[in-house]
Amino acid sequence: MTIATAVSEPLHIGPLSKTFTLPSGSVHALRDIELDIPAGRFISIVGTSGCGKSTLLRIIAGLETQYDGQVTLGGAGISGPSLDRGVIFQEHRLLPWLTVEANVAFGLKNLPKDEIRQLVAEHLDLVGLTSFAKAYPHQLSGGMAQRVAIARALVNKPKLLLLDEPFGALDAMTKIQMQQEILRIWEVEQTTMILVTHDIDEAIYLGDEVVVMSARPGTVKMVLPVPLPRPRDRTSPGFVALRKRIYHEFFAELEQPFAYKI
Amino acid sequence: MTSQAAMTIEQPREGEPLNPFIKAFRMALSKLRDGAVYVALSVLIVAVWQYLSAIGFLKPMLLPSPLKIGDTLLALTLSGELFRHLGISFLRVLEGFAIAALVGLPLGIAIGLSRVVDQSTDLLLQLTKPIPPIAWIPLSILWFGIGESGKVFIIFLGGVFPILINTVDGIRQTDQRYVELARVLEVTRGRFILKVVLPGALPAIMTGIRVGLMVSWICVVAAELIAATSGLGYLIMDGRQLMQTDQVLVGMLTIGAMGKLLDVVLRAAESRLVTWKTTFQGK
Amino acid sequence: MKLNRILAAAAALFIGATAVQADEIRIATQPMPHYAPLFVAKQKKWLDDELAKVKPGIEVKWTSFAAGPPMNESFAAGQQDIGLLGDTPALIGKSVGIDTRLIGLTSSGPTTLALVTGAGSPLKDPKELKGKKVAVTKGSYGQHLLALVLEKAGLTQNDIELVNLPNAEVVPAILSGAIDAGVVWEPVISKFESQKLIKVLADGTGIKKGILLIVGTSDFLSKNPDEAKAVLRAYVRGAEFIRSNPKEAAELISGDTNLAPDLLVQVFGRLAFNPVIHDDDVADIKRTEAYLRTVGILKAPVDVDSWVERGLITEGK
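Respectively, the protein sequence lines represent chains A, B and C. According to the working numbering, the first sequence holds residues 118 to 379 in order. According to the working numbering, the second sequence holds residues 330 to 612 in order. According to the working numbering, the third sequence holds residues 4 to 320 in order.
One chain only, chain A, in its complex shape (with noise of 0.2 Å):
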């Protein structure tokens, strides 16, 4: 099976800040961020609530516009959303007067009906979902919307796809379904993926790179490679090495409870 996916371009992102003015006063969500994405890696992103990631996602999607700094994409700025930069939400978001096959084909336009079809078609297969083409999105599990959320994106062959926290809505052994569908995919498609989570292990699983942020107003703490080779092993050294090294960053203090006695 082979689909033509779109060419991946690096996104750069910096400096950037963000600050949303509330009636009560000012919130700084992201302060001075700056990132290198290459074409073709998958990036993990991960960090406390409310520490700025989903924000940060927005604005490369798009959905963000007031922001200080800059985001380009292959050189060009972002100016809005675009099919260029999909994104999977939270909440798969799909439409439920709509058949699944509909759903997946709803971002496409300008085609000619049979190519619409296969499109879709190859994407569904490609979610292993095709026997679900005509159902509606009310007879599905949280898992399968969510893969049909995924074939909706791909289908518009976009250069970057953002991840927002995907896979928070579902139980944890359909998440690890899930990230273990995702990653396939992504070696089928390339595409360039951003994660947003607060799952530590699931961002060392997916990620070619960990950004790790700090608590409002965001910052980057620190990006840590994982150099482990996929499939990974959660239980493996190296795994839980990286594991441990990220959980200090959140929780130092707690490790030491007995410090001081003797």
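These are calculated hints, taken from the structure and not from any lab test.
Here are the simulated DSBU-like pairs of lysine-lysine, each with C-alpha atoms no more than 30 Å apart in a straight line:
| no. | chain 1 | residue 1 | chain 2 | residue 2 |
| --- | --- | --- | --- | --- |
| 1 | C | LYS302 | B | LYS397 |
| 2 | A | LYS251 | B | LYS524 |
| 3 | A | LYS274 | B | LYS524 |
| 4 | C | LYS289 | B | LYS397 |
| 5 | C | LYS302 | C | LYS155 |
| 6 | B | LYS524 | A | LYS226 |
| 7 | C | LYS127 | C | LYS202 |
| 8 | A | LYS338 | A | LYS361 |
| 9 | B | LYS524 | A | LYS230 |
Dock chains B and C against the given chain A, drawing on the hints supplied.
Frame of chain A, contents of chains B and C only:
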């Protein structure tokens, strides 16, 4: 885990053979029981009413007995008069309601989607909305005379506001998450309205239509009470003038029954159209 | 107080009578020139006089109705003792079970009930009504007149297009061209004739006396016959005053009838005020009763002879 197979076979009680007839009988009984709960209260009221009439506690000119009403109902049905009046009222409702939908739906959509349209029409609509359609009757008679157009006008006024308001609400309540999705997928505005906004607003629009039809129905009766020579409202007015309370009640009951029927039909249509909506059944 | 009213209303629904205050007489009227004598008696305090002779301290409670049917409803709820209304609504009320007796006539006047058309209309004879739109107030005494006029012209109701309108709306409808002709009663006839807007095609002359009735509930009459007689005596005094001083009478009751005094004087000219019931009056009412039965307005017959109570007033007082 217990064997699933064992749990699905009905175990016969000791000494009692599993008889398909008994099974069918039990099913019929339970269906009957459901039906009985549905009508029990009404039957009880009618029975008590008939009893009170029979012993003379209720004066016939003030409240005729159920049997007398049934008699009159039968007579009016057999003579075809009831269906004639019912048909006329119903046709008036359809006309007025159709116009209300033709005006209310597009206008509601325009108001929901365009701030300019919303702001420019807001004052006029807010001023007109609280006026009960019935209060328009004197003007209606002056402008349209005592013919059909006047009544259709009143019915239109009754139906248009629920449709308008619910349509606007439905559009305004478009899920922001879908709006974002449409932006990300670079969906054109036309497609966005057609494929995201309108289907999403459909449950609210259907509610508006249901309520609008109910109000239209009420209005036709009111309009006919004032100036008509046919229709259910006229039937009631006629019964009143001739002190035939049984005719008044037959008119009222027919109105109620028609209203209920219309509601049932619309709810069925709604569940067909809005298949993705799951609602609370009150169990 | 409010709870008492609610309880009384509930009782009225079932038993058909409200608690009557013993020192009160409840009279129902309509603002019509045909009832002028009673209004004169009211304004001249003759009614109070006559009533005080039989029951000192008694009060009159007046209620005005727009038409016969609402008055019937009030009677049915047991709220009235004496009422002035047309023959048709009175018969309808009696027929459905309002227990009244006919105790007198308010007036008679064959020319006070007429089939009219526009002054410029090409219609000259009722025969020409075939296929035309004719208005009448259903359930009023005008309906009988129309039937009689049509009968005389050799037509039936099927030959015309019948439009149901209240008295006040008939002439406006004629003038706007919505209908061709209609049956109306005074003061509409005088009012528009004097403005030269309508002409009379036929009236009750020779066919219907145009009588309106005074009724009283059996309950009231059995308990208070003297009061009923007092009302009728006052009525006679009012009638005499109108005969001798029509202008003054018109000024006096202009408010009760909502009519200008000049118009009232005109209408007085067409009416004979005499509450005594004569044999030909009974015959006229019987004809009306028979007609109403044939058209199905009366579902149960009314025995007019036993309905009439002629003993409360006699000629000469």
